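**Student:** Each chain, written out:
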Amino acid sequence: METCKLLHENVFAYVEKDLPPVMLQQFDKHVAECAECAAMVADFKSVLILMEEQKSIEPRPFAETRILQGIESRLEKRQSSSFPVFGRILQPALISVGVATALSIGFFIGSDFANVNSQYSQNEEITESVRSDLNVPEFMTDDIIYFTE
Amino acid sequence: MTDQELITGILNNDKTVIQFLVSKYHKQVIKTAFHLLQNMDDAEDLAQDVCVEIIESAGSFKGASSLSTWIYRLTVNKSLNFIRKNKRKQLVHQFESFFRKGDNSIETRVTEPSEYDKTFENNERRQILEKAVNSLPENQKTAFILSKYEELSYREITEIMNLSLPSVESLLQRAKQNLQKKLIVQFSEYSNKK
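Protein sequences, first through last, are from chains A and B. The first sequence begins at 1 in the working numbering and counts up by one. The second sequence begins at 1001 in the working numbering and counts up by one.
The following block holds chain A by itself, in its conformation from the complex (with noise of 0.2 Å):
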């Protein structure tokens, strides 16, 4: 039971037979004797061979190909969308030059029309204070047009 102990501590080592001789030849005579700690022993050398298969694993077919392939497309893309001068500086600056300049047109425009409105009031105002000191009768001055400048 004690080499029992001893061997399930230890069996990856003994295994691999990375142990001190004395200790191999300890556990050789106990697994021939003991057939619960044999069984363990053949699972763990079965996991060696299995280990050897993993060291040997190779790419599939064409591997190569395909990872050269890929790389090629993701460098184009990122290329082709690498542009910091157009993309980044470029494009942002004539964006906003353009709307302040659609904003001052219709800045200009909007203080224009205010203007000739307010014109408008004035020759109205005018108009109103001229027919009524003269008396003249309303109907006669509702088809003035008002001229503006």
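It is worth saying that the hints were derived from the structure and are not from the lab. Everything numeric in this text was worked out from a predicted model, so none of it was measured. Be aware that one or more of the hints could be misleading.
Straight-line C-alpha distance at most 30 Å; calculated DSSO-like pairs for lysine-lysine [said to hold, decoys possible]:
hint	chain 1	residue 1	chain 2	residue 2
1	B	K1131	B	K1062
2	A	K45	B	K1182
3	B	K1131	A	K55
4	A	K17	B	K1182
5	A	K55	B	K1027
6	A	K29	B	K1181
7	B	K1062	A	K5
8	A	K17	B	K1181
9	B	K1062	A	K77
10	B	K1078	A	K29
11	B	K1015	A	K29
12	B	K1181	A	K55
13	B	K1085	A	K5
14	A	K45	B	K1193
15	B	K1181	A	K45
16	A	K45	B	K1027
17	A	K77	A	K45
18	B	K1078	A	K77
19	B	K1027	A	K77
20	A	K29	B	K1087
21	A	K55	B	K1024
22	A	K17	B	K1176
23	B	K1182	A	K55
24	B	K1131	A	K5
25	B	K1085	A	K77
26	A	K29	B	K1182
27	A	K45	B	K1176
28	A	K17	B	K1131
29	B	K1087	B	K1015
30	A	K5	B	K1015
31	A	K77	B	K1015
32	B	K1176	A	K5
Using the hints provided, position chain B relative to the given structure of chain A.
**Tutor:** Just chain B now, with coordinates in the frame of chain A:
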């Protein structure tokens, strides 16, 4: 071609050098990524990522370690990030591969019964080993794979994992002990099921 010549060629965007780089290192990258990710599709995708990273950051390679070590480091880091980000996706793959292995065993039924038993048992054992290795803590798993599957020296592992020699030795010792414990439990459960 020396490491420095390779790096210079990459920096000059020399396509022949890039082809040489992929031809020389794709096996190493795919194998390491496959051992860490347990999925060949993901390993190939990751190999592309690693190659693009090499091309884009070749300028940062100072030559303190060999190019191979640097590529191992990139592969391990990218694989571990992938595992962290895709834990859910990995569960689905394991589930799929479990059923795919089931299908394979059905196909092998046409062979001799003893051979079928052997294949089936090998598949079961392989799954037990994969599960045990995957359940190791990240650092132990990485050190174990680099040492046992990639057969790298302790010195190389210290450079790849950026750890001291005693740390790597202790990591590998703990990885073996943990794996041993897990395998004993799993194998006894498996033989009880049989």
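**Student:** Now tell me, hint by hint, if it's right for this structure.
**Tutor:** Results of checking the hints against the structure:
{"no.": "1", "hint": "B/K1131 x B/K1062", "in the structure": "38 Å, violated"}
{"no.": "2", "hint": "A/K45 x B/K1182", "in the structure": "15 Å, holds"}
{"no.": "3", "hint": "B/K1131 x A/K55", "in the structure": "17 Å, holds"}
{"no.": "4", "hint": "A/K17 x B/K1182", "in the structure": "20 Å, holds"}
{"no.": "5", "hint": "A/K55 x B/K1027", "in the structure": "12 Å, holds"}
{"no.": "6", "hint": "A/K29 x B/K1181", "in the structure": "23 Å, holds"}
{"no.": "7", "hint": "B/K1062 x A/K5", "in the structure": "50 Å, violated"}
{"no.": "8", "hint": "A/K17 x B/K1181", "in the structure": "18 Å, holds"}
{"no.": "9", "hint": "B/K1062 x A/K77", "in the structure": "28 Å, holds"}
{"no.": "10", "hint": "B/K1078 x A/K29", "in the structure": "47 Å, violated"}
{"no.": "11", "hint": "B/K1015 x A/K29", "in the structure": "61 Å, violated"}
{"no.": "12", "hint": "B/K1181 x A/K55", "in the structure": "23 Å, holds"}
{"no.": "13", "hint": "B/K1085 x A/K5", "in the structure": "40 Å, violated"}
{"no.": "14", "hint": "A/K45 x B/K1193", "in the structure": "20 Å, holds"}
{"no.": "15", "hint": "B/K1181 x A/K45", "in the structure": "15 Å, holds"}
{"no.": "16", "hint": "A/K45 x B/K1027", "in the structure": "27 Å, holds"}
{"no.": "17", "hint": "A/K77 x A/K45", "in the structure": "50 Å, violated"}
{"no.": "18", "hint": "B/K1078 x A/K77", "in the structure": "21 Å, holds"}
{"no.": "19", "hint": "B/K1027 x A/K77", "in the structure": "25 Å, holds"}
{"no.": "20", "hint": "A/K29 x B/K1087", "in the structure": "45 Å, violated"}
{"no.": "21", "hint": "A/K55 x B/K1024", "in the structure": "18 Å, holds"}
{"no.": "22", "hint": "A/K17 x B/K1176", "in the structure": "14 Å, holds"}
{"no.": "23", "hint": "B/K1182 x A/K55", "in the structure": "21 Å, holds"}
{"no.": "24", "hint": "B/K1131 x A/K5", "in the structure": "24 Å, holds"}
{"no.": "25", "hint": "B/K1085 x A/K77", "in the structure": "24 Å, holds"}
{"no.": "26", "hint": "A/K29 x B/K1182", "in the structure": "25 Å, holds"}
{"no.": "27", "hint": "A/K45 x B/K1176", "in the structure": "14 Å, holds"}
{"no.": "28", "hint": "A/K17 x B/K1131", "in the structure": "24 Å, holds"}
{"no.": "29", "hint": "B/K1087 x B/K1015", "in the structure": "36 Å, violated"}
{"no.": "30", "hint": "A/K5 x B/K1015", "in the structure": "60 Å, violated"}
{"no.": "31", "hint": "A/K77 x B/K1015", "in the structure": "16 Å, holds"}
{"no.": "32", "hint": "B/K1176 x A/K5", "in the structure": "17 Å, holds"}
Consistency with the previously given hints fails for numbers 1, 7, 10, 11, 13, 17, 20, 29, 30, ordered from lowest to highest.
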